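Colleague: Residue-level listing of the chains:
There are 2 protein chains.
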Amino acid sequence: MPRARVPTGPPLSRRAEICRTAAQIFRERGYDATSVSDIARALGITKAGLYHYFESKEALLFEITAYGLDRVRDDVIVPVRAVRDPEERLRQLVVRHACIATNGRGAVAQLVDEVRALPPGNRRQLEERMRAYFDLVRGTLRELNAAGRLRDVDPTVATFSLIGAILWLPRWFRQSGRLTQEQVAEQIADIALGGLLRENGTARRTPARRAAPRRRPAGSRRTKVRSTK
Amino acid sequence: MPRARVPTGPPLSRRAEICRTAAQIFRERGYDATSVSDIARALGITKAGLYHYFESKEALLFEITAYGLDRVRDDVIVPVRAVRDPEERLRQLVVRHACIATNGRGAVAQLVDEVRALPPGNRRQLEERMRAYFDLVRGTLRELNAAGRLRDVDPTVATFSLIGAILWLPRWFRQSGRLTQEQVAEQIADIALGGLLRENGTARRTPARRAAPRRRPAGSRRTKVRSTK
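Chains as they are written, first to last, in numbering that gives the first Met the number 0: chain F, 0 to 228; chain V, 0 to 228.
Possibly wrong hints are sitting among the right ones.
[Stated by the list, open to error] In silico EDC-like cross-links for lysine to aspartate or glutamate, where the CA-CA straight-line distance does not exceed 20 Å: (1) V:K56 <-> F:D31; (2) V:K56 <-> V:E142; (3) V:K46 <-> V:E62; (4) V:K46 <-> V:E16; (5) F:K56 <-> V:E16; (6) F:K46 <-> F:E62.
Hints were generated in silico from the structure; no laboratory data involved. All values reported here derive from a predicted model rather than from experimental measurement.
Okay, chain F solo, but in the shape it has when bound:
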């Protein structure tokens, strides 16, 4: 199995670097199949050196997941709460969350299921934060519904479907692929808003934004298919 690569980007604190590397390895091999030694080896440090920062593999998983939720809070929840129009809020929410799910930290989004490995208290804490995000999305759909702008769809089913489509992104999106993360995020927002809103919506994406140039000609597509079932 290939060794996890640390994505390039701005310099990270040692602690953040450990989290990022560990997240990549957890994603590739699975949390349970990864040992503290595997993570230390990928970082080029000793196990004792790793324990200086994190007392256990569980503590590392907890911090990684909490970090992912911090990103969702700072880059999605806080900015979109300031958007009054629910349709524009929905669009920004999808685009912002999809961008987080596809950037270097995308590995975090794939660790959703691994929280089962955490002690109940930690697990509950993370699940409450996930629940708050879910409520924000569903609340926006309910607001649209009350305003007669939602199609005849169930807001709960729609919320889970939308979040599922976004959280599936890191399983297939490749930074080296045909589309940029912003393009993919806009596409998912287009599909979601098209599926959820009545046609007379007011904040639909303009044709000019739709026609954004692609990074590469269509023939040189490199999007990889990894898991489709």
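Given chain F's structure and the hints, the job is docking chain V onto it.
Modeller: Same frame as chain F, but now just chain V:
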């Protein structure tokens, strides 16, 4: 952690019963964290008894995943291939796949990521079958596009988003919840077709089907939120 329950239904062969129980335990605890002893204990048999049917935990995972792909082949791919109109094909495809993802076998759909634990040959075999399914979905979208019936969306992004929304289902759908699996499946198809097709489509769901009665009054909702990030 609760012991895995074997869902009720028609009698299963011993082999199928082992697969079903193992799939449930893998889903609850994770594949790597589950031992052969855990599975044997849940079945009330000895480890030796289990090895009579499967030579290893990997063999069990392979058979479970292949079984899930067989269901997709028999209950989705084969019937929808016979549907000539691509819009009706897309609707049937979504409804049929969503129903599989939420029935007693739903546990299988959650094991997508665990195929990384299999030997390369087995893994490749399963991934090729997943790829064939992906190609069927994307091919249908491309056919719609060629007929001018697809919105201005990227068929690849749309395919992954759709499959992601369906494969997210077992993470949140509860058989004891407010909506039946058929209702949820129809809802997802409505959202998907609304998001992907131009408004002048011809095979949209009729109002009569939209107004299908709910199993329970809206006030008694029991859909549980499990993982939302």
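Colleague: Where does the structure disagree with the numbered hints, that is, which hint numbers, in rising order?
Modeller: 2, 5
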